[in-house]
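*Asks:* Line by line, the protein sequences give chains A and B. Taken in order, the first sequence gives residues 1 to 360; the numbers are from my numbering. Taken in order, the second sequence gives residues 361 to 803; the numbers are from my numbering.
Honestly, the hints are just simulated from the structure, not real lab data. Hints are not guaranteed to be accurate.
[To be verified] Quick partial rundown of chain B residues pointing at chain A, CB under 10 Å, derived from the structure:
hint : residue
1    : Leu-414
2    : Ala-419
3    : Tyr-435
4    : Asn-439
5    : His-443
6    : Gly-444
7    : Ala-455
8    : Asp-472
9    : Thr-584
10   : Ala-736
11   : Gly-781
[Stated by the list, open to error] Per the computed footprint, the stretches of chain B lying under chain A, defined by three or more beta-carbons under 8 Å from a beta-carbon of chain A, are:
hint : region
12   : 460 to 468
13   : 484 to 493
14   : 553 to 567
15   : 574 to 583
The beta-carbon is built from N, C-alpha and C at its ideal position, and this holds for glycine as well.
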Amino acid sequence: MERLRSLAGPVRSVPLVRHLLVALIAFLVVVAIIGSSSQYLQTRYAEMAFFAIAAGGLTLLTGLSGQLSLGHGALMAVGAYAATLVLERTGGETLADVFLALLVAIAVCAVVGVIVGVPAARLHGPYIAGATLTLAVAVPRLANQWDFLGGEQGLQVPVPRAAELPVWIQDLVWFFTAAEIDQYSFLAYLGWGLLVLAFVALANLSRSRVGRRWRAVRDDDVSAELAGIHLGRARVVAFTVSAMCAGLAGGLMAMNVRLTAPGAFTITLSLTLLAAVVLGGLGSLTGALIGAGVLAFLPHFATDLGESVGLSATQAAEVTPVVYGLVLMLVILLAPAGIVGSLRTFLARSSLGSTKEKTT
Amino acid sequence: MRTTARRAVQVVCVLTTASLLAACGGAGKERPSEDGTAVGVTDSTIKVGAHFPLTGPAAPGYSEIPSGHQAFYEYVNDNGGVHGREIEMVVKDDAYNPTNTSAVTNDMILQDEIFAMVAGLGTPTHRAVVQRLNDDGIPDLFVSSGSLQWGDDPASSPMTFGWQPDYEIEGKIIGQYVKENMPDAKVGLFLQDDDFGEDGEKGARQFLDSQIVDVQKYTPGGSTDFSPQMSSFKSKGVDLVLGFNTPSYTALSQIAAQGVGFKSKWFYSNVGSDPALVGGLLASMTKGKIPAEQGVKLMDGMMTTEYIPGVDAPEDEWVKLWQKVWDEYSKKGSEKLTNYRIYGMSQAYTFVQALQANGKDLTRESIVETIEKEGASFEGPGLAPFRFSEDSHMGISGASVVELKNGASEPLTPVLVTDIGDAEIKEDDSAASDAPPSSGLPE
Chain A
1 MERLRSLAGP
11 VRSVPLVRHL
21 LVALIAFLVV
31 VAIIGSSSQY
41 LQTRYAEMAF
51 FAIAAGGLTL
61 LTGLSGQLSL
71 GHGALMAVGA
81 YAATLVLERT
91 GGETLADVFL
101 ALLVAIAVCA
111 VVGVIVGVPA
121 ARLHGPYIAG
131 ATLTLAVAVP
141 RLANQWDFLG
151 GEQGLQVPVP
161 RAAELPVWIQ
171 DLVWFFTAAE
181 IDQYSFLAYL
191 GWGLLVLAFV
201 ALANLSRSRV
211 GRRWRAVRDD
221 DVSAELAGIH
231 LGRARVVAFT
241 VSAMCAGLAG
251 GLMAMNVRLT
261 APGAFTITLS
271 LTLLAAVVLG
281 GLGSLTGALI
291 GAGVLAFLPH
301 FATDLGESVG
311 LSATQAAEVT
321 PVVYGLVLML
331 VILLAPAGIV
341 GSLRTFLARS
351 SLGSTKEKTT
Chain B
361 MRTTARRAVQ
371 VVCVLTTASL
381 LAACGGAGKE
391 RPSEDGTAVG
401 VTDSTIKVGA
411 HFPLTGPAAP
421 GYSEIPSGHQ
431 AFYEYVNDNG
441 GVHGREIEMV
451 VKDDAYNPTN
461 TSAVTNDMIL
471 QDEIFAMVAG
481 LGTPTHRAVV
491 QRLNDDGIPD
501 LFVSSGSLQW
511 GDDPASSPMT
521 FGWQPDYEIE
531 GKIIGQYVKE
541 NMPDAKVGLF
551 LQDDDFGEDG
561 EKGARQFLDS
571 QIVDVQKYTP
581 GGSTDFSPQM
591 SSFKSKGVDL
601 VLGFNTPSYT
611 ALSQIAAQGV
621 GFKSKWFYSN
631 VGSDPALVGG
641 LLASMTKGKI
651 PAEQGVKLMD
661 GMMTTEYIPG
671 VDAPEDEWVK
681 LWQKVWDEYS
691 KKGSEKLTNY
701 RIYGMSQAYT
711 FVQALQANGK
721 DLTRESIVET
731 IEKEGASFEG
741 PGLAPFRFSE
751 DSHMGISGAS
761 VVELKNGASE
771 PLTPVLVTDI
781 GDAEIKEDDS
791 AASDAPPSSG
801 LPE
């Protein structure tokens with residue numbers, strides 16, 4: 001028993017080990033779920049994965065560093081276009097092409113993140129929101145300016161075919177799930193694999209010195225500065241990390257949607273991401289995941305529900321945003337700290353209650 | 361350890377919730393029967409799907425097309441279906457946004473498991489899914505758009521077929537008419553900034569290259585104020601505007617032209633010229649300053665093209681059939697038959713005709729083969745015959761030029777038939793006299 005405890009020690013105390021362990025278990029569960037799902041569900045899971053990556057980056061920025069960004073849709077657009085342009089040139093048929101495209105998307109977004117983050121670091125609250133809102137409105141329109149970006153009709157995105165994936169991946173997937181990998185399950189595995197990696201990185205970052213600095217800056221910038229924290233630097237780093245997540249999410253989105261067009265990156269996307277973050281619980285990665293799940297499943301669920309109670313297709317299409325809005329309002333009214341935030345408070349309270357009972 | 365455990369519990373919670381939600385979404389769908397010959401086909405049903413703008417700026421008019429399809433399919437189903445199979449149509453909203461089109465098409469293929477896409481609407485929207493449909497070998501029949509790409513290269517898109525006259529031949533017919541009848545007109549082009557405008561311009565320039573003095577473009581979903589474009593036309597002395605645009609933009613261009621005092625002759629391509637719809641749009645966009653009746657009046661003297669008979673010809677045998685079907689099968693009795701519903705029913709007629717010709721053994725490959733082999737001889741409401749063959753998947757081959765008076769169209773030319781490229785434009789009224797069979801069902 002003692003030995004077991006001494007073995008469990010580092011797992012408990014070292015965040016990286018702990019996070020990696022949880023990540024590994026989560027990924028195995030995910031592989032099992034994806035492997036046994038229909039192709040339709042696999043595309044939904046893939047959608048949930050890229051929304052979760054973007055929301056994870058945003059929740060870190062807004063929840064930990066206290067900067068409200070309304071421009072993450074634009075950053076996703078940058079990532080999507082970067083990835084698409086790379087895939088167009090390389091043909092996008094092999095796994096290497098896919099990773100190259102995603103890396104380029106992340107890198108380009110990191111650069112954009114620094115460029116936007118530096119001036120944004122001087123702004124507070126509503127002013128950052130305003131500045132990033134401009135980004136959300138202006139950036140997707142750039143596609144109409146240059147022909148190589150495809151204009152309103154957008155660019156088609158080539159995706160890898162299952163037959164062109166390395167054999168060892170095909171074998172591995174066959175071994176674990178007893179199902180052949182196809183382009184749908186491939187995108188779902190890819191999305192969730194990267195989601196798990198990104199969340200481990202973000203969780204670690206937020207537990208590290210960098211994360212503590214962000215919290216200090218968010219809570220009281222004057223005392224943070226007195227404690228020797230460089231405000232601007234902390235904020236720019238936060239913005240850049242968040243932009244990189246948005247870039248990765250944008251690249252994955254391009255592969256899933258198979259089309260990169262300005263119509264995908266409207267201001268609504270930025271607001272929806274923020275809504276997902278608020279819905280799940282600001283600052284919590286689990287919250288971001290839940291919020292992304294709601295984003296990926298609720299609209300379809302609402303449309304199907306509408307059609308199953310006998311609404312016409314038009315009415316069902318119109319009812320979807322209403323249901324979405326209602327859910328958002330209900331969460332804000334009943335669980336103002338978001339789903340995860342309120343759940344935490346509830347758990348804390350009930351565990352408090354049980355200890356009281358024991359003592360009396 | 362507590363936090364780890366809690367985190368693990370959270371993760372599991374999320375995944376369970378997600379899969380539960382998902383399971384709810386997937387519940388209730390029917391798997392294809394084992395006797396069926398293809399996905400989406402059983403011994404008693406055929407399931408097809410299409411994307412339409414049911415919401416958003418392109419919805420007025422276009423959202424009525426699927427109701428025409430559904431009414432006609434119900435009529436067919438009540439009369440025994442096609443080879444014993446009833447036709448069911450799934451309609452999904454893409455709000456005329458290509459990204460949504462890609463998403464809802466994915467749903468139709470994987471969730472609804474459609475046999476074929478029939479009449480998916482829009483040039484930029486449908487373009488986003490053509491590759492996908494062809495890769496997966498799903499028939500993509502009778503696209504509701506006149507872009508060339510649906511039919512000019514069957515080798516790269518073997519499953520895709522057009523239906524209406526393409527914008528290039530429409531541009532050619534318009535161009536030749538203007539050149540012959542208004543040789544001194546200074547022409548301004550008003551174009552949707554995608555393949556729609558591009559194809560139309562290509563056709564028109566074959567005849568009008570020297571007469572075109574200005575080209576203005578718009579992006580769907582972008583700015584709605586066209587004062588700058590109309591001012592540009594005015595300053596360049598344009599006295600005839602050719603519009604390759606959707607109905608909302610016909611209304612918007614008219615409002616802007618009034619605003620800047622630009623007077624001109626107008627020639628809108630078929631897509632943007634429905635007088636009843638544009639009149640209604642003018643009324644709603646100006647908040648009643650231009651009442652709908654006056655809006656329809658405003659369209660007097662405008663020229664456009666016509667390739668199927670519309671509501672303004674109630675004595676036409678086809679329109680009588682559509683009226684009968686609509687009166688009997690419209691879900692909401694209060695709604696009137698419109699040109700868009702007629703468009704939908706006319707497409708549905710062609711689809712039923714193809715299924716009928718295919719015979720009982722229906723597969724995704726066989727329906728394509730049937731249309732290639734027999735499509736050119738389909739008799740239907742179209743004023744000109746289809747061009748379907750192994751080398752061309754282009755739709756109706758011609759149209760006549762008409763002028764609008766009091767919301768009705770008066771022909772200025774006989775039916776003009778041609779093809780893309782240098783093909784000559786010929787007068788050919790032969791298909792215009794086709795009448796529907798007495799049962800109203802294709803034979």
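*Asks:* None of the hints should be skipped; say for each whether it holds.
*Replies:* Hints, one by one, checked against the model:
Interface restraint check: B:Leu-414 against chain A, minimum CB-CB distance 4 Å, threshold 10 Å, status holds. About 8 Å separates the beta-carbon of B:Ala-419 from the nearest beta-carbon of chain A, less than 10 Å, and the hint is met. Hint on B:Tyr-435 is violated. Least Cβ distance to chain A is approximately 18 Å, over the 10 Å limit. A hinted interface residue such as B:Asn-439 counts as satisfied when its beta carbon comes closer than 10 Å to some beta carbon of chain A; here the least separation is about 23 Å, so the hint is violated.
Look at B:His-443: its Cβ only gets to about 26 Å from chain A, farther than 10 Å, so that hint breaks. Look at B:Gly-444: its Cβ only gets to about 26 Å from chain A, farther than 10 Å, so that hint breaks. The beta carbon of B:Ala-455 is positioned within 10 Å of a beta carbon in chain A (closest approach about 8 Å), and the interface hint is therefore held. This hint holds: B:Asp-472 has a C-beta 9 Å from the nearest C-beta of chain A, less than the 10 Å allowed.
With its C-beta approaching chain A no nearer than about 15 Å, B:Thr-584 sits outside the 10 Å limit, and its interface hint is violated. Nearest Cβ of chain A to the Cβ of B:Ala-736: about 30 Å, over the 10 Å cut. The hint is violated. The closest approach between the C-beta of B:Gly-781 and any C-beta of chain A is roughly 23 Å, which is over the 10 Å cut-off, so the hint fails. For the region 460 to 468 of chain B, the proposed coverage by chain A is satisfied: 5 residues have a C-beta within less than 8 Å of a C-beta in that chain, meeting the threshold of three.
For the region 484 to 493 of chain B, the stated coverage by chain A holds: 5 residues have a C-beta nearer than 8 Å to a C-beta of that chain, and at least 3 were required. Interface restraint, the region 553 to 567 of chain B with chain A: holds (3 residues with C-beta to C-beta distance below 8 Å; minimum three). For the region 574 to 583 of chain B, the proposed coverage by chain A is satisfied: 4 residues have a C-beta within less than 8 Å of a C-beta in that chain, meeting the threshold of three.
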